[in-house]
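Asker: Sequence:
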Amino acid sequence: MKEELAFTLRPMKEEDYAEAHDLWMTIHGFGIRSIDDSKEGVSRFLKRNPGISVVAEAKGKIVGTILCGHDGRTGYFYHVCVQEEYRRHGIGKAMAIFCMRALQEEQVNKVSLIAFTGNAIGNKFWHESGWKMREDVNVYDFVLNEENITNFNS
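Going from the sequence shown to my numbering is simple: count from 1 and add 318.
Hints in this document: simulated from the structure, not taken from any laboratory. All of these numbers come straight from a predicted model, not from anything done at the bench. Be careful, since some hints might not be right.
Claimed, not checked - Here are the computed lysine-lysine pairs in the PhoX-like style, where the Cα-Cα straight-line distance is at most 20 Å:
1. Lys331 to Lys365
2. Lys411 to Lys428
3. Lys377 to Lys357
4. Lys411 to Lys365
5. Lys428 to Lys377
6. Lys450 to Lys411
7. Lys379 to Lys411
8. Lys450 to Lys428
9. Lys357 to Lys379
10. Lys357 to Lys428
11. Lys331 to Lys377
To be verified - Cβ pair distances, simulated, as ranges:
12. Ile432 to Glu465: 30 to 40 Å
13. Glu322 to Glu465: 37 to 47 Å
14. Ala438 to Gly408: 16 to 26 Å
15. Leu431 to Glu322: 20 to 30 Å
16. Gln425 to Glu402: 16 to 26 Å
17. Glu403 to Ala336: 34 to 44 Å
18. Glu322 to Val461: 13 to 23 Å
19. Gly436 to Ala324: 14 to 24 Å
20. Ser430 to Val461: 13 to 23 Å
21. His346 to Leu323: 16 to 26 Å
22. Pro368 to Ile415: 10 to 20 Å
23. Gln425 to Asp340: 27 to 37 Å
24. Lys442 to Glu322: 31 to 41 Å
Note that CB positions come from ideal geometry on N, CA and C, so glycine has one too.
Can you build the whole structure from these sequences, using the hints too?
Answerer: This is how it looks when you write it as structure tokens:
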């Protein structure tokens with residue numbers, strides 16, 4: 319029988335940045351962008367999308383995050399993670415539901431996310447949670463700022 323783990327969810331605040339960033343740096347394979355994931359970049363994102371990003375807390379510390387935003391039509395999840403020792407307790411699913419409900423309140427009807435192909439744990443989670451991998455589209459990026467470098471945690 320799996321041990322119950324008490325955790326709470328709440329909207330992410332700018333003051334959570336340092337602790338959230340510390341968590342992101344512990345996640346194997348996690349990509350951190352030099353500008354977008356800076357304190358200023360995350361602050362800008364949270365101000366543009368107030369109240370819909372989430373943190374999970376357990377034992378007084380942040381153990382999970384989702385940066386959630388939308389363009390008025392589609393919602394997007396970024397930096398979905400749960401600290402390794404807190405996985406498989408429903409935290410990831412609860413955070414996703416929190417964000418999806420917040421998006422529904424904003425009258426957004428669809429959510430998209432990107433999971434790196436090498437992220438076996440994340441891809442398994444999304445598949446098992448009922449998300450569908452699209453095979454009818456290609457995703458293209460055009461870099462507007464070459465200084466916004468992605469570094470991956472090893």
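Asker: All the hints need checking, so say for each whether the structure fits it.
Answerer: Hints and how they fare:
1. Proximity of Lys331 to Lys365 is assessed by CA-CA distance (about 9 Å); at most 20 Å being required, the pair is judged to hold.
2. Among the hinted pairs, Lys411 with Lys428 is consistent with the structure: their alpha-carbon atoms are about 17 Å apart, no more than 20 Å.
3. Taking the CA atoms of Lys377 and Lys357, the gap is near 24 Å; set against the 20 Å cutoff, the hint is violated.
4. Between Lys411 and Lys365 the CA atoms are separated by roughly 24 Å; this puts the pair beyond 20 Å, and the hint is violated.
5. Annotation: proposed proximity of Lys428 to Lys377 is violated, straight-line Cα distance about 33 Å (limit 20 Å).
6. Note on Lys450 and Lys411: the hinted pairing holds, with a Cα-Cα distance of about 15 Å set against a maximum of 20 Å.
7. Straight-line distance between C-alpha atoms of Lys379 and Lys411 comes to about 18 Å, which keeps the hinted pair within the 20 Å bound.
8. At most 20 Å may separate the alpha-carbon atoms for a hinted pair to count; Lys450 and Lys428 meet this at roughly 12 Å.
9. Annotation: proposed proximity of Lys357 to Lys379 holds, straight-line Cα distance about 19 Å (limit 20 Å).
10. Distance hint between Lys357 and Lys428 is unfulfilled; the C-alpha atoms sit about 28 Å from each other, more than 20 Å.
11. Taking the CA atoms of Lys331 and Lys377, the gap is about 18 Å. The hint holds against a cut of 20 Å.
12. Ile432 and Glu465 have their C-beta atoms about 21 Å apart, which leaves the hinted 30 to 40 Å range violated.
13. Take Glu322 and Glu465: their Cβ atoms lie about 45 Å apart, and the range 37 to 47 Å holds.
14. Evaluation of the 16 to 26 Å hint for Ala438 and Gly408 yields a pass: the beta carbon distance comes to about 20 Å.
15. Checked against the hint of 20 to 30 Å, the pair Leu431 and Glu322 passes, with Cβ atoms roughly 28 Å apart.
16. Taking the beta carbon of each, Gln425 and Glu402 are about 36 Å apart, not inside 16 to 26 Å as hinted.
17. Distance hint check: the CB atoms of Glu403 and Ala336 are about 20 Å apart, inconsistent with the given range 34 to 44 Å.
18. Distance hint for Glu322 and Val461: a CB-CB separation of about 45 Å, inconsistent with the stated range 13 to 23 Å.
19. Checked against the hint of 14 to 24 Å, the pair Gly436 and Ala324 fails, with Cβ atoms roughly 32 Å apart.
20. The given range of 13 to 23 Å is respected by Ser430 and Val461, whose C-beta atoms sit roughly 20 Å from each other.
21. The hinted range of 16 to 26 Å is satisfied by His346 and Leu323, whose Cβ atoms lie roughly 21 Å apart.
22. The hint said 10 to 20 Å for the Cβ distance between Pro368 and Ile415, and at roughly 19 Å that hint holds.
23. Against the hinted window of 27 to 37 Å, the Cβ-Cβ separation of Gln425 and Asp340 comes to about 34 Å, which satisfies the hint.
24. The hinted range of 31 to 41 Å is not satisfied by Lys442 and Glu322, whose Cβ atoms lie roughly 23 Å apart.
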